[in-house]
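A.B. asks: If you use the numbering used here, the sequence shown corresponds to residues 1476 to 1891, in order.
Derived by calculation from the structure, the hints in this document are not laboratory data.
Don't take every hint at face value.
For lysine-lysine, the following DSS-like pairs were computed, each having C-alpha atoms within a straight-line distance of at most 27 angstroms [unchecked claim]:
{"id": "1", "residue 1": "Lys1883", "residue 2": "Lys1793"}
{"id": "2", "residue 1": "Lys1845", "residue 2": "Lys1820"}
{"id": "3", "residue 1": "Lys1596", "residue 2": "Lys1791"}
{"id": "4", "residue 1": "Lys1891", "residue 2": "Lys1793"}
Computed Cβ-Cβ distance ranges for the label pairs, DEER-style [stated by the list, open to error]:
{"id": "5", "residue 1": "Asn1659", "residue 2": "Ser1511", "range": "51 to 59 angstroms"}
{"id": "6", "residue 1": "Lys1665", "residue 2": "Asn1514", "range": "22 to 30 angstroms"}
{"id": "7", "residue 1": "Asn1652", "residue 2": "Thr1808", "range": "54 to 62 angstroms"}
{"id": "8", "residue 1": "Pro1723", "residue 2": "Glu1805", "range": "29 to 37 angstroms"}
{"id": "9", "residue 1": "Ile1680", "residue 2": "Thr1623", "range": "36 to 44 angstroms"}
{"id": "10", "residue 1": "Lys1497", "residue 2": "Gly1589", "range": "51 to 59 angstroms"}
{"id": "11", "residue 1": "Ala1824", "residue 2": "Gln1650", "range": "29 to 37 angstroms"}
{"id": "12", "residue 1": "Asn1514", "residue 2": "Lys1666", "range": "44 to 52 angstroms"}
{"id": "13", "residue 1": "Glu1873", "residue 2": "Lys1811", "range": "17 to 25 angstroms"}
{"id": "14", "residue 1": "Gln1622", "residue 2": "Thr1516", "range": "15 to 23 angstroms"}
{"id": "15", "residue 1": "Thr1808", "residue 2": "Leu1889", "range": "22 to 30 angstroms"}
We treat Cβ as the ideally placed atom computed from N, Cα and C, and that holds for glycine.
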Amino acid sequence: MNKQFIIFIILIFFNFARAQEKPIIEWIDNNALNISNSNQTNDINIPFDRMSEKFKNARIYGFGEASHQHKDFFNLKTKFFKYLVINNNLKILFLEESFGGAYSANKYVKNGEGNPVEIIKNFRQGFLHTSEMLSLIEWIKTYNESQTIQNQIQIYGMDCMFNYNIVSILESIFQENNFELKSNILELFKKYKVEKFEPYKIKEITAEISQIQSVQDSIKNISLFKNKQDALNGLEALKSYITFMNEPTQNIRDKNMADLIFYASDFKKAFISAHNYHIQKTELPPITSIPSLGNWLEKKIGLKYYSVGFDFGVGKVKGYNKDKKWEEAEINTVTKNTFTETFFKSSKAIFYFDFSEAIKDEKMNNFLTKNNYYLGIGGYGILPRQIKYALIKGKLFEMYDALIFVKKVTLNSLLK
């Protein structure tokens, strides 16, 4: 086979690929919602009644992030959070954070208690120690000041990996109510009051869960119990932590997060902020036998769960180097043979589109339902040389209900 013939074949494939991509790019340019910037202002310039039926009718919204490192994802989620608060009676924000850490933030947005910077610095997830997080809770606090207590936005932490402050919160609530705890509960509280992150392998787990449940049942029957919902949610978070520490697997973690969301939301409209992996509706990558948080929620409430994934093209990143130290680098070129490669060719720098609308177009339907690669950056970050190890294969249509794409991302602004 001569050189000219090889070049000819390559050109044919190249032109074929471009021809396949062109209708996708044109559809996005003509139909996707253009988002002018990635700051936190509420400028989603589309009337709520023009959003898709599934978006309008959802009860729980899962908004992901392609990495924990980038302010663009957090700020864009904040835009949609504000949009839903204003237009769809959204009342609860769930963070991928400890129950105890988020509880302090919730007290601040409800009554101004505490120092917001110190509260955020006490979050157990370091990727939330940002100016972007601070701006969000200040907005919620301002919003709540004009609302009745029943109509205020609540902030909850759903991540069962942490027992930070759970017992102290519960002790304070029970003391406020002069609620006398039995000796077995007092011993249980003493056991879990010390912050710990290591498996316990608790032999008595069934008995402990039953003891906590008995306290929940007692509280439910007391009509004038102050901060009743906080007490019930705190006890539920403690059960969630105990079951996770007894079996610290991703399977238990995502199931427990879904259960806590379902319990604490109490049929109110809620917004979840977490990684793409958690909010997607399929199994967790790369192990396809483990249901994600979003998968559990979809099983519980079906079409009432709405999932939005994120993707990006280029920008600065952070990752652990061979010395196990954080290193900053830059992704300058889009990863080949990925969904991203096509999205990046749009004329729009940031855009959102709903899949239920997109699949009405045959080319978009084929694109969204095919298996292709995308980049998944977890808590340890990524460096450009590590990208090949972070490529996950999946079908966007099965994973999400919509997608937000950002051409160039910017690192979080960490609090000092």
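A.B. asks: Against the structure, test the hints numbered earlier, and report the numbers of the ones violated in rising order.
C.D. replies: 6, 11
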